[in-house]
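The listed protein sequences derive, respectively, from chains A and B.
Under the numbering used here, the first residue of the first sequence carries the number 1, and numbering increases by one thereafter.
Under the numbering used here, the first residue of the second sequence carries the number 1, and numbering increases by one thereafter.
Treat the hints as calculated values from the structure; they're not laboratory data.
Nothing here was measured: the structure is a model prediction, and the numbers come from that model.
Glycine residues also receive a C-beta, built at the ideal position from the N, C-alpha and C atoms.
One thing to keep in mind: the hints can contain errors.
When the alpha-carbon atoms are kept at most 20 Å apart in a straight line, the in silico SDA-like pairs for lysine to any residue are as follows [what the hints assert, rightly or not]:
1. B:LYS8 <-> B:ASN273
2. B:LYS103 <-> B:ASP183
3. A:LYS14 <-> B:ALA48
4. B:LYS165 <-> A:ALA120
Distance ranges between label pairs, derived from CB positions [to be verified]:
5. A:ALA113 <-> B:ASP218: 28 to 36 Å
6. A:GLU92 <-> B:VAL132: 16 to 24 Å
7. B:SER256 <-> A:ASP19: 44 to 52 Å
8. A:LEU30 <-> B:ARG86: 43 to 51 Å
9. B:SER256 <-> A:SER32: 34 to 42 Å
10. B:GLU187 <-> A:VAL95: 35 to 43 Å
11. B:ASP259 <-> A:GLU101: 45 to 53 Å
12. A:ALA120 <-> B:GLU187: 19 to 27 Å
13. B:SER256 <-> A:ALA59: 17 to 25 Å
14. B:THR72 <-> A:ALA119: 27 to 35 Å
15. B:VAL39 <-> A:ASP19: 44 to 52 Å
16. A:ALA113 <-> B:ASP183: 35 to 43 Å
Given next are the chains, with one letter for each unit.
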Amino acid sequence: MAETMSCDIVTPVKTIYSDAATLVRLPGELGSFGVMQMHEPLVSALQPGVVSITPADAAKTGKVEYIVSGGYAQIDGERVIVLANDALDISEIDVAKAREELAKVEDIIAKLAADDSSAAYYKEQKAWFDLQLNTVKG
Amino acid sequence: MANLRDIKKRINSVKSTKQITRTMEMVATAKIRKATDRVVAATPYSQAMLEMLGNLAGKASGDSHPLLANHTEKKNAIFIVIASDRGLAGAFNQQVLRAAEKKAKAYAAEGIQTSYILCGKKAIGYFAYRGVTPDMQFAGLSADPTFDQASRIASYVRDLYEQGKVDEVILWYNHARNAADQDLRTEQILPVEIAKEEAADAAEAEAKAVASFDFEPDEAAVLNKLLPAYVETMVYHGLIDSAAGEQGARRKAMKSATDNATEISNTLQRQYNRARQGAITTELNEIVAGAAAQKKEE
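Generate coordinates for the entire structure from the input sequences, incorporating the hints supplied.
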C-alpha cells in the first residue's frame, strides 16, 4: 500500500475535510495535477474545480470528491492543505437550492450599478453556484 | 423610616430586575460557547494562510503588489470599527468606539481624513450622533457575523486602496482574551505588513526555509490571489473574535448586575424587617399604654 500524507480542506468558516490520503488530485491554475507523498514543496493557486482525494482506506470508502471555489494548495511532502473560500462535498450539492441562489445573485448583478464596489463579490458568488450546477451536470 | 409598602415595592422591583439580569447572564454563557467554537473552527484557515504568506515573505517586497505598497502621502484613512448590536455589555462598545474616535481626532489634527465602516448598531448609533456618515454599515450581524460580510468589507477597502483613494485601513475590535476579559485590538489591514506576520511565526518560517517552496504559476500570481484573501481573513477574524468578546463582556456585566441586585435586595429586606418590627413594637406599646390607662381609671 502506498504511503500516506495528511490532507486538509479548510475554509474560513471551518475545516471541511481532514484525513490521511494517498493521492490528491487538485485543479491547479496551470492544469489539474496529482500529489502523492514526498511531492516537492509547492504552493499552487487553484481554479474553481474538483479536488479528488483517495483516502488511505480507499478500499472501504472509495474516492472522496469536493468542489472548491478556487484558492490555494500548500504541499510539503507530508501534508496537503487546500485553502478555499467555499468547499462542498459533491454528494451534498443541492441542485434546487443552487439554482435558486444563482437566480437571486443574477438578479442582484443585473441591478447593480457598473461601478458598484460589491460587484466583484457577487460575481464570485455567481461563479460558485455555476460551478455547483455544472459539476452535477457533468 | 420609609413605610412598609414602599419598601416592599422596591424589593419586588429589584428582584424582578435580578431575574432578568440572571437570565441574560445564563444566555450569554451559552452563547460564549458557540462563539468560541466558531473562532476555533476558523483558526486552521487563518493559520495556514499566515504560513503561506510567511513562505512568500522572503520573495515579496513593497512594490510587488499594490496592497503591499506604502503610500508615500497619508491623506485618507478608513477605520473598520467592530462593536455590537446590543448594549448591556459593560464597557465593551464604549472601549472600542472611544478609542477609534480619539484616533480619528488625532488624525484630523495631522490633516488625515478618516471615513468609517461600522459593524453593529451601537457603533452606527454612536457615530450617527456625532454626525458621521459611514461608508458602509452592518447592523444585526454582530452576534453571528458571516464571511460574506467580511468579503464585502474587504473588497470595498481593497478597491479604494488600489485606486489610491485610501492610504491606510485600520481594524478596531475587541479581542476575546478569555471567556471573561477582552482587549482592545487595533490592526493595520492595509498596507499589508508581511514582515510582521513572518516574525510572529519565526521558528516555523526558519524550518520552512530549508524546504523552499515552488510557486505555481509563479510568486506574483500566488501573491495576487493570496493578499486579497488575507485581507478578508483578517476582517472575518476580527468579526468573530469580537462576537465572542461581546458575549463574554455581557456575561461579566450581567453577573455583576445580578450580584448587586442580590446585595440591594438583602439590604432592603433587612430594612423591611426592621420597619415591620418597629410597627409591631409601636402597636404593642400603644395597647399596653391603653390597658394601663384603663386600669388607672378603675
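* Check each numbered hint from earlier against the structure, then list the numbers of those it violates in ascending order. => As far as the earlier hints go, 6, 9, 13 and 15 are violated by this structure, in ascending order.
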